[in-house]
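Spelled out from the first residue to the last, the chains are:
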Amino acid sequence: MNDDIGPIGDWIEPKSRLLDLGCGDGELLRTLIDGYQVQGYGLEIDPDSINQCIRKGLNVIEQDLNEGLENFPDKSFDTVLMTQTLQSLRHPHLVLDEMLRVGKRCIVTFPNFGHWQTRAFFALQGRMPVTKQLAYQWYDTPNIHLFTYKDFEALCSEQNIKVLRRTFVGSPFLGLNRLFPNLFTKTAVYHLTK
Amino acid sequence: MPPDNTLPSSVDHPLGTTASQIAVINKPIDLVCGTTLPSHSLVFEAYGILNKARNNAVLICHALSGNHHVAGVDKDGKVGWWDHYIGPDKAIDTNKFFVICPNNIGSCFGSTGPTATDPETEKPYGNNFPSIQVRDWVESQKYLMDHLEIDCWAAVIGGSLGGMQAMCWSLAYPEKLQHAVVIAAAMKLSAQNIAFNEIARRAIQSDVEFKDGHYLDYQTSPKQGLALARMIGHLTYLSDDALGRKFGRLVNSDGLGATEKELGEFEVANYLNYQGDKFSQQFDANSYILITKMLDHFDLAQDYNNDPTEAFSQAKCQFLVISFSSDWRFSPPCSEQITDSLIGAGKAVSYIRIESDQGHDAFLLPDTRYQNALSLYLSRAASELEANSL
Chain A
-14 MNDDIGPIGD
-4 WIEPKSRLLD
6 LGCGDGELLR
16 TLIDGYQVQG
26 YGLEIDPDSI
36 NQCIRKGLNV
46 IEQDLNEGLE
56 NFPDKSFDTV
66 LMTQTLQSLR
76 HPHLVLDEML
86 RVGKRCIVTF
96 PNFGHWQTRA
106 FFALQGRMPV
116 TKQLAYQWYD
126 TPNIHLFTYK
136 DFEALCSEQN
146 IKVLRRTFVG
156 SPFLGLNRLF
166 PNLFTKTAVY
176 HLTK
Chain B
8 MPPDNTLPSS
18 VDHPLGTTAS
28 QIAVINKPID
38 LVCGTTLPSH
48 SLVFEAYGIL
58 NKARNNAVLI
68 CHALSGNHHV
78 AGVDKDGKVG
88 WWDHYIGPDK
98 AIDTNKFFVI
108 CPNNIGSCFG
118 STGPTATDPE
128 TEKPYGNNFP
138 SIQVRDWVES
148 QKYLMDHLEI
158 DCWAAVIGGS
168 LGGMQAMCWS
178 LAYPEKLQHA
188 VVIAAAMKLS
198 AQNIAFNEIA
208 RRAIQSDVEF
218 KDGHYLDYQT
228 SPKQGLALAR
238 MIGHLTYLSD
248 DALGRKFGRL
258 VNSDGLGATE
268 KELGEFEVAN
278 YLNYQGDKFS
288 QQFDANSYIL
298 ITKMLDHFDL
308 AQDYNNDPTE
318 AFSQAKCQFL
328 VISFSSDWRF
338 SPPCSEQITD
348 SLIGAGKAVS
358 YIRIESDQGH
368 DAFLLPDTRY
378 QNALSLYLSR
388 AASELEANSL
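Top to bottom, those sequences are chains A and B.
Read in the working numbering, the first sequence has 85 at position 100, and its numbers run on one by one without any break.
Going from the second sequence to the working numbering is simple: count from 1 and add 7.
Worth double-checking, as some hints may not be accurate.
[What the hints assert, rightly or not] Below, computed lysine-lysine pairings styled on DSS-like, alpha-carbon distance capped at 25 Å: (1) A:Lys0 <-> B:Lys323; (2) A:Lys60 <-> B:Lys323; (3) B:Lys195 <-> B:Lys82; (4) B:Lys195 <-> B:Lys34; (5) A:Lys60 <-> A:Lys147; (6) B:Lys59 <-> B:Lys300; (7) B:Lys59 <-> B:Lys195; (8) A:Lys41 <-> B:Lys195; (9) A:Lys41 <-> B:Lys323; (10) B:Lys300 <-> B:Lys130; (11) A:Lys41 <-> A:Lys0; (12) A:Lys89 <-> A:Lys117.
[Stated by the list, open to error] Every beta carbon over 10 Å from chain A, so not counted as near; a handful from chain B, in silico: (13) Ile56; (14) Tyr281; (15) Thr346; (16) Gly351; (17) Arg360; (18) Asn379; (19) Ala380.
Note that these hints are calculated values from the structure, not bench results.
The beta-carbon is built from N, C-alpha and C at its ideal position, and this holds for glycine as well.
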C-alpha cells in the first residue's frame, strides 16, 4: 500500500476535502491528513478496520460501497480516493461513475492483472494466479473483477472518463514498468475526472 | 453558586452504592414555550473524579423514561439503566471521566416536573406544568454545568431522546463540549413515530382516572392508561426477531392439562403486561405526555431553514453517531442523515451501524462491538484531554 502514497500525495491539494472509499485501517488517510491537512473521511465496512480508524482519531463512516454513494451530493469532495478496492466491488463501473459524480477528481489504484507473474502462473500452471498481491484462492477471493490497466483504460474511454495522470508501480529494475507497463506494473495509479 | 461539600469530588471505585444529589437552581429559566420557571431542582448522580482542570466531565442525557440513576447500584438495590457502559474500565470509564447524569425537568424522579408543587398554587403542577422542548433540557443542564463549575464537557452522550440532547448541545453551546455521542437518534421524528406517541397519549387520556391530568388532586391514578401506553411503546422498541427469539408462541400452561393449553396466556402477553404494570408504578402520566410531545416537536434544523447541514455548521465538537440494524423507531437511515449532514458541514464525525436484533432497545443492552467502538472513541477523547492539559 505504501507504494501508492508517492503519486497520491502529489495529486492532492493541501487542506482539500477528501473521501477515501474502503479506507481499511486508515493508514493512508492518516498519512494524508497529517501530511496535507486534508479534511478526510473514510468509508469502510469491516468492523475491525473501523475500530482501527477510530483508534487513530479518523472520521470513519460505516458504509457499503456496493450500495452506492447516493448520500453524497455532486462534487461534494475535491478528491474521491479508492485504493486497491475497485476489483472487489460488485459493479466497479457503477461505483467509478459515482466517484466521478461525488468528487471533482478521483484517484484510483488497482492491482494490474497483466503483470508477468500472474501471466506466468496462469500459463505454466493453468490455474488461477495466486501471488503475493492477489493472495487468495479463486473461491474465497474478495477480488471478483480482475483486470489489466489496458482494460481499465478501455472502460475510461468508453465512459468518457478523462485520465489526468497515471503512474505504474512495479518492478524497480531498469524502468521495465515504463517500457512494458502491462507486464511489469503491479499497481496502477490513476488520476481521473469527468 | 459554587458546588457544596456534598458534591462527589471523589467517589469510591467500583461504583458501589450510588446516591443521588440535588442541585437547586435559584435562577429563572425561560422555557421555549414562553413560560418562566422561577427556580428549578435537578436530581443527579455523579461518578468518578472531576480532575483539576475540570475538563473531564461527561454529561449523560437520558431518554423518555430514563432517570438520573444511570450506573451502579442504588440503596434499593436497583442497577442503573446504562450500567453496562458506565463504570471503572467500562466504555465510559469512570477512572478517566467524571460522569454526571441529571433527571431532567418535566420528568418525575425528583427534578422539577408535573408532580412537583407549583409555588403559585401550592398544589402539584399536574398538567399545568409548562410544555418542555429539548432545548429547555439543554438549558437546564447548562445551569447544572455552571452550578458544578464545569466550563466544557469532555463529551455529551445520549441514546434516543438523549442523542437529540447531545445534538442540541452542539448547536446551542458549540464551545461547551468536545465530543457529542449520538446513539439511536434522529433529527426529527417520522409521522409513524409521532403516531405511536399519540396512541400512547390517548391511552393515558382515556383512563377515567386521568381526570384531565389533575389525578393528583383527585387522588386517583391513571395506571391502566399509563401501562397501556408503555406496552405500545415498549413493543415498538423491540424487534420482531428479538420477541420471536425470546418468547415465540410459548404459552404459560402452569397448572393446566394438555387439553386446556389454549386457556394459557402467551408468554409475550405476560411479559408485556408485566412491563406495562411495572412502569405504571414508577412513572407519572403527565410526564409521559409532556416528554412524548417534546420528542414529537423536536426538529433540529427547524431554526436553520430546515437545512441540517446549515444547522450543524454551528457545531464545533467531534461526533460519534451509532445506529442499530433492527431499530425501526430510530432506524439506521435516521442516523445516516445525521452523519451525512455533519459531513456536508465539514465536521469531524464517525458513524457505526451495529448489527443487532434487539430493536431500539439495543442502545441500552450489552454488545461487544458497540462497547468496543464507544470505548475506543472515548479513550481517544480522554487522551486528547491529557494532551490539552499538558
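Tested hints:
| no. | hint | in the structure |
| --- | --- | --- |
| 1 | A:Lys0 <-> B:Lys323 | holds, 18 Å |
| 2 | A:Lys60 <-> B:Lys323 | holds, 24 Å |
| 3 | B:Lys195 <-> B:Lys82 | violated, 37 Å |
| 4 | B:Lys195 <-> B:Lys34 | violated, 30 Å |
| 5 | A:Lys60 <-> A:Lys147 | holds, 16 Å |
| 6 | B:Lys59 <-> B:Lys300 | violated, 40 Å |
| 7 | B:Lys59 <-> B:Lys195 | violated, 38 Å |
| 8 | A:Lys41 <-> B:Lys195 | violated, 31 Å |
| 9 | A:Lys41 <-> B:Lys323 | holds, 20 Å |
| 10 | B:Lys300 <-> B:Lys130 | holds, 23 Å |
| 11 | A:Lys41 <-> A:Lys0 | holds, 19 Å |
| 12 | A:Lys89 <-> A:Lys117 | violated, 33 Å |
| 13 | Ile56 | holds, 25 Å |
| 14 | Tyr281 | holds, 35 Å |
| 15 | Thr346 | violated, 6 Å |
| 16 | Gly351 | violated, 7 Å |
| 17 | Arg360 | violated, 5 Å |
| 18 | Asn379 | violated, 6 Å |
| 19 | Ala380 | violated, 6 Å |
Of the numbered hints given earlier, the model fails hints 3, 4, 6, 7, 8, 12, 15, 16, 17, 18, 19; all others are met.
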